[in-house]
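Chains A and B supply the protein sequences, listed in that same order.
Numbered per full-length UniProt numbering, the first sequence finishes at 235, counting up by one with no gaps.
Numbered per full-length UniProt numbering, the second sequence finishes at 242, counting up by one with no gaps.
The hints are simulated quantities; they were obtained by calculation from the structure and are not laboratory data.
There's no promise every hint is true.
[As the list claims (entries may be wrong)] Each computed DMTMM-like pair below joins lysine to aspartate or glutamate, with the alpha-carbon atoms no more than 20 Å apart:
| # | chain 1 | residue 1 | chain 2 | residue 2 |
| --- | --- | --- | --- | --- |
| 1 | B | Lys3 | B | Glu15 |
| 2 | A | Lys154 | B | Asp37 |
| 3 | B | Lys47 | A | Asp184 |
| 4 | B | Lys47 | A | Glu133 |
[Stated by the list, open to error] To give an idea of the chain A side of the interface with chain B (calculated C-beta under 10 Å), a few residues:
| # | residue |
| --- | --- |
| 5 | Asp94 |
| 6 | Glu133 |
| 7 | Arg136 |
| 8 | Phe143 |
| 9 | Arg144 |
| 10 | Pro156 |
Don't be surprised by glycine CBs; every beta carbon is placed ideally from N, CA and C.
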Amino acid sequence: MNEGWLALLQQALGLLFSLDPDVWSIVSVSFSVSFAALGITLLPSMILGFMLAFGRFPGRWFVTNLIQTLQSIPTVVIGLLVYLMLTRMGPLGDLRWLFTQKGMILGQMMICAPVLVAMSQAAFTSVDRRAWETSRTLGASWFRGILTVCRELKVPLLMAIVAGFSRILTEVGCSMMVGGNIADVTRNIPTAIALETSKGDFAQAIALGLVLLILSLVLNFTLGTLRGKAEPRSH
Amino acid sequence: MVKLVANNLEMKFGERHIFSVDRLQLSQGQTIHLQGDNGCGKTTLMKLLAGLISPSRGAITTEGFEPLPWWRSNALLGKAVYLHQHPYLFDGSVEYNLSYPHPFCNMTKQQLSERTQTAIEMAELTHLKNQAASSLSGGEKQRLAIARAWIMQPKLLMLDEPTSNMDRFSQDLVLTMISDLQQLGTGMLISSHQSCVLTSLCNQTWVIENQHIMSSYTANNIPDSADSAPINLQEPRYVIAN
């Protein structure tokens, strides 16, 4: 049994280090789709998080609770919703995005946005008001003041980005339903792991799993280092 | 000469009336000691004059400043530098904090570099230049914040309880910096509920008492101009300004 495990691990490492085109195509699809979804969602989500933290407008309470709820919706439900929107009969059917990377990006945006908004709202709510006041009284413009506050909150904001990215990079349900798991087109790491495991090709599944594991380790250790350097603020 | 002029100012937090005043003026050349008990509204008044908060009623106008670019909607912000009682230092080194206001100063790179070097020496922080600002003691933080403001050579400066965290050594260093700014014509409002080394520089006093702001001058600083705030050096010592 142990020998079997070792052999599988060796095969998996072989696939990774021999730059197996199938494996790296899957990794490439995964990263390009998830980076695109994160890139498109990031700024609007942060702005909404900022507005929810500092703004006082009608419906703020409702939006805040809606965002919290959306965070906990299973990705297959979001996948179903996006599928129904993109199907020929759906409101976005004319776009013909179903079973394409664009469709996957749309689905991942809907998964990523609530995480980014909720976590950035929490970060902005926790900011020391003096940071904004000091920046402005020293002559910073409104925009420069915001940049200063974001810099002061770089650790919690980076944590929000990492959490959002991790959620979309590892989700299966939405990618499977909207992407269709088409080789070299919409097959990403989680859908490929599910497929290869069901076929009994554990080596490729382990190789892809290792990519996710290594990425997760790198991201978390980087965040841990940043968090360690950030000292608690006192008067 | 630049000045901030507050007219018919009233401040409330909800139903709580903090203070009101008919007219107040903070201009270059003045050094004012702002007195009052805890919770009377000293910090609120300073934040109002700095443009960080808005009054419940009345208006604060500026005179003598350069016209603002069209995108700056708040005419007050950045006119008078306000230093918190517990100053906020940005995440980064002492040097980073001193260089933060550089882009907002009307000085050449050479001048800024020289003033920064002088400031760090005046505040006796040279050996801590590369240290994280968060690792400084309370007094060192105050010195750094005042040095940061000194570099800017502001036309108006407001110091909120500046000596509250300081030992005698730090107070003397700060006194040197503040005296220097005073000689350069910076108008200053210094809040302190008791006398300290900095209040000895003051030539005028504002007292917040019973929700009113009262103004008085020290004996050797009687204003000449007819449009100055009403004063009375006889008893009662203070004139209610509203």
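Hints, verified against the model:
1. B/Lys3 <-> B/Glu15: At roughly 31 Å apart (the allowed maximum being 20 Å), B/Glu15 and B/Lys3 break the hint.
2. A/Lys154 <-> B/Asp37: 38 Å, violated
3. B/Lys47 <-> A/Asp184: Roughly 60 Å between the alpha carbons, so the hint for B/Lys47 and A/Asp184 is violated.
4. B/Lys47 <-> A/Glu133: Within the cut-off at roughly 9 Å; holds.
5. Asp94: The hint is violated - A/Asp94 has no Cβ within 10 Å of chain B, the shortest such distance being about 40 Å.
6. Glu133: 5 Å, holds
7. Arg136: 5 Å, holds
8. Phe143: Holds. Min distance 9 Å.
9. Arg144: 8 Å, holds
10. Pro156: 12 Å, violated
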